[in-house]
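Model the full structure from these sequences, guided by the hints.
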Amino acid sequence: MAETTFQTHEVFNQPPPPGPFDLWKDDAALRAAVAREGGAAFSASLAAYGALAGDALLRLADEAHRDRPRLQAFDAYGRRIDRVAFNAAYHEVMGAAIAHGVAGLSWAQPQPGAHVARAALSYLHYQAEPGSSCPLTMTHAAVPVLRQAPALREWADKACAFCYDGRDVPMADKRGVTLGMGMTEKQGGSDVRANTTRATPLGAEGEYALVGHKWFFSAPMSDAFLVLAQAPGGLSCFLLPRWRPDGTRNALRLMRLKDKLGDWSNASSEVEFDGAWAHRIGDEGRGVATILEMVMLTRLDCMLGSAGLMRMALRQALHHAGHRRVFGKRLLEQPLMRRVLADLVLESEAATALSLRVAGAVDRAPHDPGEAALARIATAIGKYWICKRTPGFVNEAQECLGGIGYIEETLLPRLVRQAPLNSIWEGSGNIQCLDVLRALAREPETGAALRAQWQAAAGMDAQFDAALQAGMAMLEAGSDEAGARAFVERLALLLQGAILLRAQHPLARDWCSARLGPMRGAGYGSLPAAVDADAALARVAGAD
Numbered sequence: 003m004a005e006t007t008f009q010t011h012e013v014f015n016q017p018p019p020p021g022p023f024d025l026w027k028d029d030a031a032l033r034a035a036v037a038r039e040g041g042a043a044f045s046a047s048l049a050a051y052g053a054l055a056g057d058a059l060l061r062l063a064d065e066a067h068r069d070r071p072r073l074q075a076f077d078a079y080g081r082r083i084d085r086v087a088f089n090a091a092y093h094e095v096m097g098a099a100i101a102h103g104v105a106g107l108s109w110a111q112p113q114p115g116a117h118v119a120r121a122a123l124s125y126l127h128y129q130a131e132p133g134s135s136c137p138l139t140m141t142h143a144a145v146p147v148l149r150q151a152p153a154l155r156e157w158a159d160k161a162c163a164f165c166y167d168g169r170d171v172p173m174a175d176k177r178g179v180t181l182g183m184g185m186t187e188k189q190g191g192s193d194v195r196a197n198t199t200r201a202t203p204l205g206a207e208g209e210y211a212l213v214g215h216k217w218f219f220s221a222p223m224s225d226a227f228l229v230l231a232q233a234p235g236g237l238s239c240f241l242l243p244r245w246r247p248d249g250t251r252n253a254l255r256l257m258r259l260k261d262k263l264g265d266w267s268n269a270s271s272e273v274e275f276d277g278a279w280a281h282r283i284g285d286e287g288r289g290v291a292t293i294l295e296m297v298m299l300t301r302l303d304c305m306l307g308s309a310g311l312m313r314m315a316l317r318q319a320l321h322h323a324g325h326r327r328v329f330g331k332r333l334l335e336q337p338l339m340r341r342v343l344a345d346l347v348l349e350s351e352a353a354t355a356l357s358l359r360v361a362g363a364v365d366r367a368p369h370d371p372g373e374a375a376l377a378r379i380a381t382a383i384g385k386y387w388i389c390k391r392t393p394g395f396v397n398e399a400q401e402c403l404g405g406i407g408y409i410e411e412t413l414l415p416r417l418v419r420q421a422p423l424n425s426i427w428e429g430s431g432n433i434q435c436l437d438v439l440r441a442l443a444r445e446p447e448t449g450a451a452l453r454a455q456w457q458a459a460a461g462m463d464a465q466f467d468a469a470l471q472a473g474m475a476m477l478e479a480g481s482d483e484a485g486a487r488a489f490v491e492r493l494a495l496l497l498q499g500a501i502l503l504r505a506q507h508p509l510a511r512d513w514c515s516a517r518l519g520p521m522r523g524a525g526y527g528s529l530p531a532a533v534d535a536d537a538a539l540a541r542v543a544g545a546d
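For the sequence shown, position 229 (counting from the first letter as 1) is numbered 231 according to my numbering, and the numbering increases by one without interruption.
No wet-lab data here; the hints were simulated from the structure.
Predicted model, so just to flag it, every value in this text is computed and none were measured.
Virtual Cβ for every residue (Gly too), placed ideally from N, Cα, C.
One should not assume that every hint holds.
Okay, the calculated beta carbon distance ranges per label pair [claimed, not checked]:
#1 195 x 251: 27 to 37 Å
#2 12 x 508: 38 to 48 Å
#3 78 x 443: 50 to 60 Å
Derived EDC-like pairs (lysine to aspartate or glutamate); straight-line CA-CA distance at most 16 Å [as the list claims (entries may be wrong)]:
#4 176 x 159
#5 260 x 272
#6 390 x 491
#7 27 x 491
#8 188 x 274
#9 188 x 272
#10 262 x 272
#11 262 x 69
#12 176 x 156
#13 260 x 274
Laid out in C-alpha cells, this is it:
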C-alpha cells in the first residue's frame with residue numbers, strides 16, 4: 003500500500019530565528035557613551051565580550067533557565083551540606099564573565115575609565131544572561147567594603163581575580179571567589195534597622211557568632227556574604243563565609259529557594275544562622291554606613307541591567323518587524339509600527355546614556371568632588387527612573403511580535419519576567435525617591451551637581467530650555483514625601499535630556515520633543531509629529 007503524505011500548509015512569512023548578535027558592534031549608543039566617559043582604552047575587550055555574549059552566552063542562557071537551580075540541603079547520608087546545584091551552562095556563563103572582567107575589571111586594572119568599561123561589560127552581560135548578573139554585581143560591589151578590613155584583604159584580592167571556581171570548598175583552596183549579600187529580614191524588608199539577627203563577640207578581635215535569619219539571601223552558593231546584624235554596639239556589617247577559617251562548614255542553613263517570577267537561572271534563598279562565624283567590617287553600630295558603597299554600586303548595576311534588557315528587547319522587536327509582512331509590507335515599513343519602534347529607540351538610547359554617565363561619575367569620583375556628588379544623586383535618580391520604565395518597554399517590544407512573543411520558545415517571556423526585578427532589588431521605587439530627597443536635604447552639593455549638568459545644556463534646545471526653567475524652580479522649592487515620585491521623574495528627564503544634548507547625540511532634539519515638549523504622549527508610539535522616526539530607526543540599523 004502506498005504511503006500517503008499529508009501536507010496541510012507551508013510555513014512562510016515567519017522570521018528566521020534571531021541572532022547571533024554582536025552586542026558591541028551593533029550598539030552605537032554604547033560605543034559612543036563608553037568613549038565619552040573615558041573607557042575607550044578598553045574597546046577591544048568590550049568588542050570581544052559583545053560578540054561572545056550575543057552568541058555563545060545567549061545559547062548557554064537558554065540551558066541555564068530551562069534547568070533551574072535545586073536545593074540540596076542534605077547528602078545521601080543525612081549530613082547537612084546546604085548546597086545549590088546549577089546547570090553546567092550556568093557555570094560556563096559565570097566562568098566566561100569573570101574571565102572577561104565583568105566582576106573584577108575596575109579593581110584589578112584601576113586606571114581611568116576602568117569603572118566605565120566594567121559597567122559596559124555588565125550592560126552587555128545582562129542582555130545575554132541576567133540571572134548570573136546577580137552574583138557578578140555583588141562580587142564587584144563588595145570589594146571596596148572588604149578593603150576596609152585589613153584582615154579580609156585576601157577575600158578582596160580573590161574577588162577581583164579573573165578566575166571562577168564554582169566548587170563548594172574553603173576560600174584558601176580557591177584562586178577566585180564570589181560574594182553575596184544578606185540584608186533584609188521578614189519583619190523589616192527595606193527597613194534594615196529593624197533587623198533582629200544577633201551578633202555575639204567571640205574571643206578573637208573582630209570575630210562574632212551570628213544567630214538569626216535573612217528573608218532574601220541572594221546567590222547562596224557564593225563563597226561569602228556581607229550581612230547586617232545587631233552587635234552590642236548596634237547594627238553592624240559582617241563578612242560571613244560558607245566555610246570557617248579552620249576549614250569546617252559554617253552554621254549557615256539554607257531553608258528554601260525562592261520560587262520567583264523570573265530570574266530563573268539564579269538562586270535566591272531564605273537562610274538561618276545558627277551561631278555562624280563572621281568577621282566584623284567597620285565599627286559596631288556603623289553597619290549601614292559601612293555597606294553603603296556596595297549598595298550604591300549594586301544600584302548602578304540595576305540601571306545598567308535594565309538598560310541592557312531594553313536593548314535586547316528592542317533587538318528582538320526589530321528582528322521580527324524587519325522580516326514579518328503584514329498588509330503587503332514589512333512591519334518595519336508600516337507607519338504606525340515605525341513610530342512605536344522609533345519611540346523605543348529613543349527610550350533605550352537615553353537609558354544607556356544616563357547609565358554610562360553615572361558610571362563615568364563613579365570612575366571620576368575619587369578625584370573630583372563634583373562627580374562624586376553627581377554619582378551620589380544620579381544613582382538614585384537613574385535607578386528609580388530607568389528600572390521603572392523597563393517593564394512597559396519590554397511589554398511593548400513583546401507586542402511588536404504579537405502572539406508569538408507570548409510563547410516561551412521566543413526570548414520575550416523571559417525578558418518580561420526579568421523586567422520588574424531591578425525596580426524592586428536594592429530598594430524599590432519609593433526608597434529611591436526618599437533617598438533623593440534625603441540627599442538633596444543633607445548634601446547640598448548633590449543639588450549643585452544636578453544644576454551644573456542641566457545648565458551646561460542650556461541654549462541647545464528650546465523645549466529643553468523651557469523644561470529647564472521649570473525644573474530649576476522645582477529643585478529650588480524641593481518636594482515633600484507625597485510628591486517625591488513626580489519630583490524625581492522630572493529630575494531624571496532633565497538629566498537625560500542634558501546628557502544627550504551635551505553629547506551632541508543625533509536624536510537629542512527628538513528625544514527632548516518626545517519627553518519634555520508640550521505634545522509628549524504617555525504611551526510608546528504616541529510621538530509628536532515633528533519627531534523623525536527614520537532617523538531613530540537608522541540609528542539601530544543592523545541591530546537585528
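Right, here's what the structure says about each hint:
no. : hint                  : result
1   : 195 x 251: 27 to 37 Å : holds (30 Å)
2   : 12 x 508: 38 to 48 Å  : holds (42 Å)
3   : 78 x 443: 50 to 60 Å  : holds (58 Å)
4   : 176 x 159             : holds (11 Å)
5   : 260 x 272             : holds (7 Å)
6   : 390 x 491             : holds (10 Å)
7   : 27 x 491              : violated (31 Å)
8   : 188 x 274             : holds (12 Å)
9   : 188 x 272             : holds (10 Å)
10  : 262 x 272             : holds (12 Å)
11  : 262 x 69              : holds (14 Å)
12  : 176 x 156             : holds (11 Å)
13  : 260 x 274             : holds (14 Å)
Violation of the numbered hints given earlier is confined to hint 7; every other hint is satisfied by the structure.
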